[in-house]
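Protein chains: 2
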Amino acid sequence: MLARRVRKALQEIVGEAHARFDPAQLALYAYDATPFAAPAQPDGVLMPASAEEVAGIVRLAGAEGLPVVPRGAGTNLTGGARAVQGGLVLAMTRMDRILAVDADSFQAVVQPGVVTEDLQEAAGEQGLFYPPDPQSADTCTLGGNLAENAGGPRAVKYGVTRQYVLALQVVLASGQIVRLGARTLKSVAGYDLCSLMVGSEGTLGIITEATLRLLPAPERRETLLAVFERLRDAAKAVCASMRSGVIPSAVELVDEASLRCLPDLGLDLPEAAAAVLVMEVDGSAAEAVRAAGRLAEVMQAGGACRVMRAADEAEAERLWKARREVGPSLARIAPLRINEDIVVPIARLPEAISGIHELAREQDVTCACFGHAGDGNIHVNFLLQPDRSGERERVERAVARVFDLVVGLGGSITGEHGVGTTKQAFLGLELGAEVVELMRRVKAALDPDGILNPGKVLPLPGLGRA
Amino acid sequence: MLARRVRKALQEIVGEAHARFDPAQLALYAYDATPFAAPAQPDGVLMPASAEEVAGIVRLAGAEGLPVVPRGAGTNLTGGARAVQGGLVLAMTRMDRILAVDADSFQAVVQPGVVTEDLQEAAGEQGLFYPPDPQSADTCTLGGNLAENAGGPRAVKYGVTRQYVLALQVVLASGQIVRLGARTLKSVAGYDLCSLMVGSEGTLGIITEATLRLLPAPERRETLLAVFERLRDAAKAVCASMRSGVIPSAVELVDEASLRCLPDLGLDLPEAAAAVLVMEVDGSAAEAVRAAGRLAEVMQAGGACRVMRAADEAEAERLWKARREVGPSLARIAPLRINEDIVVPIARLPEAISGIHELAREQDVTCACFGHAGDGNIHVNFLLQPDRSGERERVERAVARVFDLVVGLGGSITGEHGVGTTKQAFLGLELGAEVVELMRRVKAALDPDGILNPGKVLPLPGLGRA
Numbered sequence: 016m017l018a019r020r021v022r023k024a025l026q027e028i029v030g031e032a033h034a035r036f037d038p039a040q041l042a043l044y045a046y047d048a049t050p051f052a053a054p055a056q057p058d059g060v061l062m063p064a065s066a067e068e069v070a071g072i073v074r075l076a077g078a079e080g081l082p083v084v085p086r087g088a089g090t091n092l093t094g095g096a097r098a099v100q101g102g103l104v105l106a107m108t109r110m111d112r113i114l115a116v117d118a119d120s121f122q123a124v125v126q127p128g129v130v131t132e133d134l135q136e137a138a139g140e141q142g143l144f145y146p147p148d149p150q151s152a153d154t155c156t157l158g159g160n161l162a163e164n165a166g167g168p169r170a171v172k173y174g175v176t177r178q179y180v181l182a183l184q185v186v187l188a189s190g191q192i193v194r195l196g197a198r199t200l201k202s203v204a205g206y207d208l209c210s211l212m213v214g215s216e217g218t219l220g221i222i223t224e225a226t227l228r229l230l231p232a233p234e235r236r237e238t239l240l241a242v243f244e245r246l247r248d249a250a251k252a253v254c255a256s257m258r259s260g261v262i263p264s265a266v267e268l269v270d271e272a273s274l275r276c277l278p279d280l281g282l283d284l285p286e287a288a289a290a291v292l293v294m295e296v297d298g299s300a301a302e303a304v305r306a307a308g309r310l311a312e313v314m315q316a317g318g319a320c321r322v323m324r325a326a327d328e329a330e331a332e333r334l335w336k337a338r339r340e341v342g343p344s345l346a347r348i349a350p351l352r353i354n355e356d357i358v359v360p361i362a363r364l365p366e367a368i369s370g371i372h373e374l375a376r377e378q379d380v381t382c383a384c385f386g387h388a389g390d391g392n393i394h395v396n397f398l399l400q401p402d403r404s405g406e407r408e409r410v411e412r413a414v415a416r417v418f419d420l421v422v423g424l425g426g427s428i429t430g431e432h433g434v435g436t437t438k439q440a441f442l443g444l445e446l447g448a449e450v451v452e453l454m455r456r457v458k459a460a461l462d463p464d465g466i467l468n469p470g471k472v473l474p475l476p477g478l479g480r481a
Numbered sequence: 016m017l018a019r020r021v022r023k024a025l026q027e028i029v030g031e032a033h034a035r036f037d038p039a040q041l042a043l044y045a046y047d048a049t050p051f052a053a054p055a056q057p058d059g060v061l062m063p064a065s066a067e068e069v070a071g072i073v074r075l076a077g078a079e080g081l082p083v084v085p086r087g088a089g090t091n092l093t094g095g096a097r098a099v100q101g102g103l104v105l106a107m108t109r110m111d112r113i114l115a116v117d118a119d120s121f122q123a124v125v126q127p128g129v130v131t132e133d134l135q136e137a138a139g140e141q142g143l144f145y146p147p148d149p150q151s152a153d154t155c156t157l158g159g160n161l162a163e164n165a166g167g168p169r170a171v172k173y174g175v176t177r178q179y180v181l182a183l184q185v186v187l188a189s190g191q192i193v194r195l196g197a198r199t200l201k202s203v204a205g206y207d208l209c210s211l212m213v214g215s216e217g218t219l220g221i222i223t224e225a226t227l228r229l230l231p232a233p234e235r236r237e238t239l240l241a242v243f244e245r246l247r248d249a250a251k252a253v254c255a256s257m258r259s260g261v262i263p264s265a266v267e268l269v270d271e272a273s274l275r276c277l278p279d280l281g282l283d284l285p286e287a288a289a290a291v292l293v294m295e296v297d298g299s300a301a302e303a304v305r306a307a308g309r310l311a312e313v314m315q316a317g318g319a320c321r322v323m324r325a326a327d328e329a330e331a332e333r334l335w336k337a338r339r340e341v342g343p344s345l346a347r348i349a350p351l352r353i354n355e356d357i358v359v360p361i362a363r364l365p366e367a368i369s370g371i372h373e374l375a376r377e378q379d380v381t382c383a384c385f386g387h388a389g390d391g392n393i394h395v396n397f398l399l400q401p402d403r404s405g406e407r408e409r410v411e412r413a414v415a416r417v418f419d420l421v422v423g424l425g426g427s428i429t430g431e432h433g434v435g436t437t438k439q440a441f442l443g444l445e446l447g448a449e450v451v452e453l454m455r456r457v458k459a460a461l462d463p464d465g466i467l468n469p470g471k472v473l474p475l476p477g478l479g480r481a
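Respectively, the protein sequence lines represent chains P and U. According to our numbering, the first sequence is numbered sequentially starting from 16. According to our numbering, the second sequence is numbered sequentially starting from 16.
Read the hints as simulated data drawn from the structure, not as lab findings. Treat the hints loosely; a few may be bogus.
Said to hold, decoys possible - Label pairs and their in silico Cβ distance ranges: (1) P/154 with U/45: 55 to 65 Å; (2) P/235 with U/464: 55 to 65 Å; (3) P/234 with U/332: 25 to 35 Å; (4) P/373 with U/142: 27 to 37 Å; (5) U/142 with P/327: 48 to 58 Å.
Remember, predicted model here, so these are calculated numbers, not experimental data. Just so you know, even glycine gets a beta-carbon here, dropped at the ideal spot from N, CA and C.
Please build the complete structure, drawing on both the sequences and the hints.
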């Protein structure tokens, strides 16, 4: 509970209408999309309208020793948007303006509260393209995408959010407002603090503006779906598609457990289907058609028992549903699920996926795998039923073993969801204690008093699963 | 001069044959390719063969308070490889092995002393492609490319070195050997220390191994050359080529002053040529041909008085000479030149180039501009004759004004050459004092005693042009 004096000072910074201290309102901000995360109620929720207001809040928070937790749409899956040590949540949703879309320099300047899809559309109107495409693009904000270094299906060809960040305006822990990076395609003027901020989950600075790179929009997209009777063949076909010289703009895998939960999509999938790949290629009209043909050949040669190619956009939508409906469908059959987003080098994908299913069997838990196979990033979903005793513990054991497996295969415990609170216990497993310590030193250099989103990313005693 | 005890300890680490203390030998390492840089003789030159040897040297250097300056082929243009505070030069050229080219995971694992072209060739043999292509690719090393975040002509489509770095093995200032990043296409496990190391010019750690991303090799390249009678039209055509939906794999500009110094290349350029663009497109055979046709149309519509398209590889080589021979030709007509590598947003290119020529006229100095116009990165070459009194001062005034102009246009003072010692005085102009201070804090966190390549990147009193 904040002192009256502090509340008053905060109200003066953002205006009375944009400062919330009422417990009923604070409760709304005690959650994000993370499953099994305990509510974490902040002491205040502030909705700043400018970098100057953010700076004012941060200065006050520094003086009072209050944590500051920036938050976009709250779609975070690893607890990153939760005020686990109390303090102030900064809801950035009022800073939602697209300040510029510069079609000549292929750049957009945005505030952090812009919804990802809104930028995609604004770029599209000018024949431009913003590739990062997280599943929650119609809801999540660019500030959240920057904080987590969001990916999505197109990363296999176009890379992740970090690759589109040219420059950032950031409020530092000191309350200073600085500009990092350069509004140019290249710059080596000093250390890459811009890349350091991206993916730092609000623990090193608060992003108040971003200059993002745009590309010319591809003229055409072609969508394909390949059905496999063996999961291993599907995983191998992912490598083969890359080896064929075609770089698809998406290669999404859906395994048998995920397929089984899908409603009837009218795709008439064979009974024996053990996995499907949903793929997209893009480029000039001629190139997209050519690449789709090549990819269909590669799939057939790789053992696909059926390859469908969308004749028009409606059909493309239908094929994509075999991937996009997996999440919602899993949610329907299992009220709770733990969704990990491991990554392995793509050549290790067959081993990884079969290994994960083996570990799930060992622990007697249900597991469905799907996701961005083109870059080796698989969403491993463990499905829980509330009435099965001991299941949560078995799932946690399975998760820990999956991480061991993945790290052993040269992979990473998180491809796009971040560490937040939920993966802290496993960070050292992947990075080693020395690297975690190095990260701590970077954190201390940028936020000596630890007021920026404390308790996230770096394992602290008594937090997370540690 | 090192104490006998220290020399002996160093010899024990790397072997007697690989530790040099003889003044005649030290003098060989007092220079890099930076013009006008005073010789900076190290106290010792060591040629380690492993990360463990590097770690041993760094630990000893830390205990003795000796600077450690890593060095590849010495092609650095901003003084980065010079031991400006004495100490130990680490010549990484013995660590020159390509440890793996993994065609299934699209990765290579390399030591820092590998020559860039050797990796390009090793990748090519497996149908793979390592895009970064600095002008000195046949000489420079990947360690140097990583230290400077090297670019080259293909960056317009493929990005710079940082975008190909998946993971690094680094020796820290403490002598610890750590692994940063992940051997996967995505990972958000903690802060992006990998990107922080890339471009840090050996001031934050010494890279002893890198896992680099490879792409499928494009099936075909097409080369074009467009001649313009007005520089401004050429600069505008650069934007137009991007707007046309084609992303060329190179768009190189050569201005009139650069053209005039070229030998006869048999290209029969018109007398009135004020600029040429040398361009490349790549992709599948069909796509490269299509894109080349589209690009030729765009150039004609943009006012090119002639567009040549190479019929075969020999002709492509000849067209490329109009760009690649500029540097050597300038060197022939002017024994000394100062080569800056400014960058602007591509829409500001016309203003930038005409502004630079105006500033050169004001200072009565000769200036030739050429380079990677596709990403807004122009090499501004000021040509000096030893017999012209006061010319060097006039050039330095012109350089300072060029940086003012570029920063005013939203650009950067260096696109790929780095800061080293020569640009320190201008770093604050671009970044502001707060950001320079932030970089100092990062440096202090990673190298508290300041032994790693001291006197580079961050302005220190009495160093560089400050």
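- Task: Hints the structure violates: just list their numbers, smallest first.
- Result: 5
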